Amino acid sequence: MSKHPTIAEHLKASGVSRRSFLQLCGTLMATAPFGLALTGKKSVLQIADAIGKTKRPSVIWLHFQDCTGCTETLLRTSAPDVAHLILDVISLDYHETLMAASGAQAEAALHSAIAENAGKYVLVVEGAIPTKDDGIYYEMGGRPGVQVLREVAAQAAAVIAIGSCASWGGVPSADPNPTGAMGVSSVVSGKPIVNLPGCPPNPYNLLAVVLEYVTMGKLPAMDEFGRPLFAYERVIHENCPRRAHFDAGRFAYAFGDEGHRKGWCLYKLGCKGPVTHAACSTRHFNEIPGVWPIGLGIPCVGCTEKSVVWRMSTVETVPIHLATPPDTYPPIYSSAGQLKVGAAALVGVIAGAVGGATWVASQRFQSSQEAGVARVIADRTHAEKLKLSSENQTPKKED
Amino acid sequence: MAITRRELFTTVAKAGVPAAVALTVGSKALQAEEIPVPSAAVGLLYDASICIGCKACEAACAEANNTPEDISGDQLHQAPTDLNELTRNIIKLYKPEDGSPYSFVKRQCMQCLDPACAAGCPFQALHKNPETGIVSWTADKCIGCRYCTITCPYHIPRFQWQGYNPRVTKCELCSDRLEKGLKPGCTSVCPTGAVIYGPRTVLLAEAKQRIKNHPGRYYQERIYGETDNGGTQALYLSRVPFEKLGLPELGTESVPARTLRWQRRLYQYFALPALLYAGLVQVIRTSLKGHEDEAHEREKETGLRAQL
Amino acid sequence: MSSTTIANASADQSRWERAVPVYGFPVVNRFFLGLVAMTLLAFILTAYRELAGLGPVSGMNDAFGWGIWKTFNVMVLTALGSGAFAVGIAAWVFRRKRLHALMRMALLTSFLAYACGLLLLGIDAGRPWNFYWIVFPWKWNMHSPLAEVAICMSIYAMVPLAIENIPPVLERLWYFDSRLRPGVERFERRLHYFFPWIIAAAYLLPGMHQSSLGALMLLAGERVHPLWQTPWLPFLYLGAATFMSFGCVAGTTMLCCVVWKRAMDMEVLDEAARITAWLIFGWMGWRLLDILFRGALGTAFHFDRFAGVFWLEMILIGVGGWMLRRSLRTHETRIMFLGYIFSSLGGMIYRFSPTTLAFRPNPESLYFPSTIEILVSLGFISMGIAGFLLIVKRFAILPAPLYEWHDMASYFRFRRPYIRWTGYFKYGHFGENESETTDSH
Chain A
1386 MSKHPTIAEH LKASGVSRRS FLQLCGTLMA TAPFGLALTG KKSVLQIADA IGKTKRPSVI
1446 WLHFQDCTGC TETLLRTSAP DVAHLILDVI SLDYHETLMA ASGAQAEAAL HSAIAENAGK
1506 YVLVVEGAIP TKDDGIYYEM GGRPGVQVLR EVAAQAAAVI AIGSCASWGG VPSADPNPTG
1566 AMGVSSVVSG KPIVNLPGCP PNPYNLLAVV LEYVTMGKLP AMDEFGRPLF AYERVIHENC
1626 PRRAHFDAGR FAYAFGDEGH RKGWCLYKLG CKGPVTHAAC STRHFNEIPG VWPIGLGIPC
1686 VGCTEKSVVW RMSTVETVPI HLATPPDTYP PIYSSAGQLK VGAAALVGVI AGAVGGATWV
1746 ASQRFQSSQE AGVARVIADR THAEKLKLSS ENQTPKKED
Chain B
718 MAITRRELFT TVAKAGVPAA VALTVGSKAL QAEEIPVPSA AVGLLYDASI CIGCKACEAA
778 CAEANNTPED ISGDQLHQAP TDLNELTRNI IKLYKPEDGS PYSFVKRQCM QCLDPACAAG
838 CPFQALHKNP ETGIVSWTAD KCIGCRYCTI TCPYHIPRFQ WQGYNPRVTK CELCSDRLEK
898 GLKPGCTSVC PTGAVIYGPR TVLLAEAKQR IKNHPGRYYQ ERIYGETDNG GTQALYLSRV
958 PFEKLGLPEL GTESVPARTL RWQRRLYQYF ALPALLYAGL VQVIRTSLKG HEDEAHEREK
1018 ETGLRAQL
Chain C
31 MSSTTIANAS ADQSRWERAV PVYGFPVVNR FFLGLVAMTL LAFILTAYRE LAGLGPVSGM
91 NDAFGWGIWK TFNVMVLTAL GSGAFAVGIA AWVFRRKRLH ALMRMALLTS FLAYACGLLL
151 LGIDAGRPWN FYWIVFPWKW NMHSPLAEVA ICMSIYAMVP LAIENIPPVL ERLWYFDSRL
211 RPGVERFERR LHYFFPWIIA AAYLLPGMHQ SSLGALMLLA GERVHPLWQT PWLPFLYLGA
271 ATFMSFGCVA GTTMLCCVVW KRAMDMEVLD EAARITAWLI FGWMGWRLLD ILFRGALGTA
331 FHFDRFAGVF WLEMILIGVG GWMLRRSLRT HETRIMFLGY IFSSLGGMIY RFSPTTLAFR
391 PNPESLYFPS TIEILVSLGF ISMGIAGFLL IVKRFAILPA PLYEWHDMAS YFRFRRPYIR
451 WTGYFKYGHF GENESETTDS H
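Protein chains in written order, with this note's numbering: chain A, 1386 to 1784; chain B, 718 to 1025; chain C, 31 to 471.
Since the hints were derived computationally from the structure, they do not count as laboratory data.
Being a predicted model, the structure only gives us computed values, none of them experimental.
The hints are all genuine.
Computed, partial: chain A to chain C, Cβ under 8 angstroms:
1. 1718
2. 1749
3. 1751
With a cut-off of at most 30 angstroms between alpha-carbon atoms, the simulated BS3-like pairs for lysine-lysine come out as follows:
4. B/900 <-> B/929
5. C/423 <-> B/1017
6. A/1647 <-> B/812
7. A/1517 <-> A/1576
8. A/1438 <-> A/1576
9. A/1505 <-> A/1603
10. C/127 <-> C/291
11. A/1691 <-> A/1653
12. B/1006 <-> B/1017
13. C/127 <-> B/1017
14. A/1691 <-> A/1517
15. B/858 <-> C/169
16. C/127 <-> B/1006
17. C/291 <-> B/1017
18. A/1505 <-> A/1440
19. A/1603 <-> A/1576
20. A/1397 <-> A/1438
21. A/1505 <-> A/1576
A virtual CB, placed ideally from N, CA and C, is assigned to each residue, including glycine.
Next comes chain A alone, as it looks inside the complex:
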């Protein structure tokens, strides 16, 4: 067998059944039915053909400030065969977690992997790269990670930053970011970089990008953040299976309440689906439908977005930028107006005041008895006054 066998040759030599391989190709097709040249509008057999003819790609995988979750996502497939299958399709020439070597042997393995596949290997970076204080917060073999990354990336054909940490800094870059953690694109320049944010991202995104690159010779179309469009063009909200509940206004308001148990929309619990670009709502994890955060009743935290996760509170609701009509109908007569207690009280006070004033005023009117007596007295007094004034009256001037 040649030093660099085609994938088909290698699979045959490894004893992988054609059925498993075709299943993998089917999954790949479901990953990106339209967005990739490799899988767009092709049948499974056509994809298998294309992949089978290609030489097995060499992949070098570097870890930096990571939790190894992105590696785990590659391996934690629901059936162990698939993990093996993935590792048969790509040639993972250097991977610190998976390889047996350590220490000086590991370093040697890295150098030989680079030398053998110079200019042809795909560099996958996992984890953020600390840049503060000359990058001393991560050292590999005694050398700062920044340096190592630049050296290895210099000879790579393409760089794939897997996970949010490698894409834009991830967890280590959360405030106050004491290590100056940054994504690959802030450290490496001059090489095509594909960002696959997520915490962790779906492994089939990685597989699809790698295979697309090696079979078709070019990277998939990307957005302004370097994220492939086939997986990161839409927000979770647009394809969410619970969207009907959102549109109908059926929300879970507390974990474990009736709405939550019935699987209603988690928007009110702080789901960041409307602002998070990712494909999780259509491609779930571990090859089991329904295994993804929202499907399990956990609101999306927006793990792919730098401005969302670690920046917004998980319970904070996000604004919706595309309003659409829901599926409820208004009744024939709608209600309007409300009785405000303050205003009603004011009206009561005024009515009371006016009534009271009227009563008091009416009391000052004399009853006829009193009026009769008072009139007699008043008449007498006024008669006296008139007499007084008539005595003092000056002669009247004629007009």
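Position chains B and C against the provided structure of chain A, taking the given hints into account.
Below, chains B and C without anything else, positioned relative to chain A:
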């Protein structure tokens, strides 16, 4: 000097009450209150039995009129519960509790042949186009009195309650689209053809044809708006009673004709008021003379200046 | 001038012979300051309303487009302020001479009520800058009752009513400075020449717009409850305005006399009460007959709020009318006063109902005024009351017996210290300085 009641009445009577009565009651224009149908009257025919409640017409109306989305309900969904300053057209659902047939209804301006809104508008801000019959609102003439919101029997015109430059909003049959030869927004997107646009005569004929083709399907085999409220240009067909859909049974007389008949008669040509004025002037002249004479006498008696 | 004339005058001690300014009571007291404060508050809130729109300041909504500003301050208060119309017609057209004593009170209360109503009409309009169309008669929609109301009310308040309120001002000017007298007298003669035309307009115009206020709700048709909605609505509104305004004028006059210790002329008040009682019973009869003939009487016996309001109105008006008639027999001023109050209150509720209490646009909606709405309404009413208090103390408006006219010449001229009410009058004697010129003393 005091006038007797008899003298008063005879004065006024002689002054020409007969003439006034002849003027008001006998005038031809008021004898038969016939409402003219505009020459190029256009309208809508909405068949509630075909409507599926998709609300495409609501979205199309907002787009055709360039109004922003109405998310006033919960700030989340474009879900108006009724017409308002952003919503000219709305789909409502009549769903009885007892399981009898439900129906959607599309509510928008009925473009009445004798609109009550225009009859009440003080400075003719709401005006019925004499050719197309479309009732439209002009911002320049509106004083924001909201009388139209009270007089319209269908409760269609809506006033903008926020802001210092409020407007009155209602469907105007997308008149700017009509000028370009397009159809109104709602009718151009209806997927089932529940609402269609056309000249009123054509729509009436179509509706009658439908009634004939499907006997027993439509409520009372009747088109709402043919003569209701004196006739409207938005016509309705329905399976369920029209009242259940919020379309009141108003009879064949238009609201203004029925309620303002005497108002119009009494003020016709301003004859009666003018006559009354003339009579009053005469009476007061005499009273004033007597009053002034008495006042001067009192002035002499008391030595104090007369108060009128 | 013989003393016999004065002795004859003393025979009817409390006849209201003359309007006399209310002297001895300062204008600025706690009550007045309170009213001014309410007015200022209303102005501030009005400024807010102009900027924020009608929604945030009021309880008006899509179903109830009219709130208390139009329905209370315009419809109800101008009815109370129809005194110039009702009392005037009784005095000038039907020649009830005794009622002339009340004319100035009637004119003043009418003017203030209309000022308040028109201001609120302007505040209530959503786009008031377009009111200028009022100047172009060919733009008016003559079929619209609201156009009729707005135009007629404006013309009435600004022309005939204002002109009729000028004589007290002229009177004060005449006394104030004798150099003005020739001009004042010339102006008065000119005015008197036109008076028949002005007064006739002052009766025609309110007749028109008070009935048009009733016609407004005709267009609402079935949405006004049948106990109120009738083709006779304009006529009933006009009738209510007449007895309400009598109540307002006579009641206010009685209240003023009691508060400021003036004698009441029972002949005038009895005459007014008699007329009011006739108006009330005539009006009630007309309304009940109309309800009977329309077959709506059954609805008065349902147990709902409409029947409740109906009976409240009718009972208040009926009891008011009965009290008036009783007070005529027993000469009890308290009963007469309460009779006026009750009948006016009932009339106010009647005029208020068709737009709010008896208006059912929609089974699900309701209207209740917001606090700001109520405060603005109250504030402008306070302005009217404060204006009344000020004017009544500075000009000769309130009727009084002849002997109250103590040296009013000096009072008008601020020449002597204000006369304090002590029961005896230290300064000035009856009719002194009546025709003095400025440069004596």
